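A.B. asks: Sequence:
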Amino acid sequence: MVDVARHAGVSLKTVSRVVNDEPVGQELVGRVLAAIAELGFRRNDIARNLRSRQLNATIGLLIEEIANPFYATIASVAAEIAAAHGTMLITASSEEDPERERAVLQDFTQRRVDGLLVVPAGLDHSFLRREVELGMPVVFLDRPPQGLLADAVLLDNRGGSHAAVTALLNEGHRRVGLLLGAPSVPTIRERLAGARAALAAAGVEPDESLVRDRLIAPEEAGRAVAALLDLPDPPTAFFCANNRLTVGALQELHRRGSDAALVGFDDFELAHLMPRPLTVVAYDTRELARVAAERLFQRIAGDDDSPPSTVVLPTSLRPRGLTPPQNR
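1 is the number of the first residue of the sequence shown in this note's numbering; add one for each residue after it.
Source of the hints: derived by calculation from the structure; they are not laboratory data.
Predicted model, so just to flag it, every value in this text is computed and none were measured.
The beta carbon of each residue, even a glycine, is placed where N, CA and C say it ideally should be.
Please note that a few of the clues may not be correct.
What the hints assert, rightly or not - Between beta-carbon pairs, the in silico distance windows are:
| hint | residue 1 | residue 2 | range |
| --- | --- | --- | --- |
| 1 | E95 | R174 | 23 to 29 Å |
| 2 | A103 | A34 | 39 to 45 Å |
| 3 | G172 | L123 | 37 to 43 Å |
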């Protein structure tokens, strides 16, 4: 603006008035606009907002991986709600790397976004405490924060897995293979706890030889299923803790022609077209994202008196896959 004022031969205050649409004589407006066009001036909204203490109209969203349809849906809904509030969404992925998560969130705060939506990867979010104390609204979704008091929107992970394993037990299965991700992840711990509670309620002694954890890719789940089916007393049913593990288990069960029952946490695209019956623990991903995003905008709008809250959304069992035709 100093350069524009010098080029136009006017005061800095005159340039400021023109840029901010305040009353100025037409002759001065013409000179300032001509100087702006010649110099290619652009107003720095971030600097302007810092000076005026106005919002930047941007929020940051950190997800695990963009390619996963679950996180893609969260990003899509968050973008819709941000747009409805006249706000731009900046999305980044942590790739399940706590160090990357920390770096991205710190970058967001340095950019002075108005708020953060976080699907966490790490186990310590205390590094955000100073920002929260200074007024940065943060809402966690899918997984709770660790070492930080903040709003969270979660799924009923324990209840969903309890219902899933109970359904298998009600069908007469007593040897249930459990396929899990990293035990350090809160959602996995909750899903394992729910599964074990269902087994205990049915009087089934836990068998650690039927548990496989630290599985990430579908291929790893497939190899785990193969190893379990090769046991002298193999499981007759499987519970998978997420959709990627369910896909890997399905591939191996189909390859072997196994009729072992299968229940997986998370619905997934084309699940209804799988070549065999299965059951999924389903929930409304769009609602998860909507509740979290709306809560963030409530905080941004000035709701900073109420304490952090945790909302838990329900799950339900849904049949999926194709039922083989009956012989006539």
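A.B. asks: So, for every hint listed, does it hold in this structure?
C.D. replies: Here is what the structure says about each hint:
For the pair E95 and R174, the supplied restraint of 23 to 29 Å is violated, since their beta-carbon distance comes to about 39 Å. Separation of A103 from A34 is about 44 Å and conforms to the stated range, judged on CB atoms against 39 to 45 Å. Taken as a hint, the range 37 to 43 Å holds for the pair G172 and L123, whose Cβ atoms sit roughly 39 Å apart.
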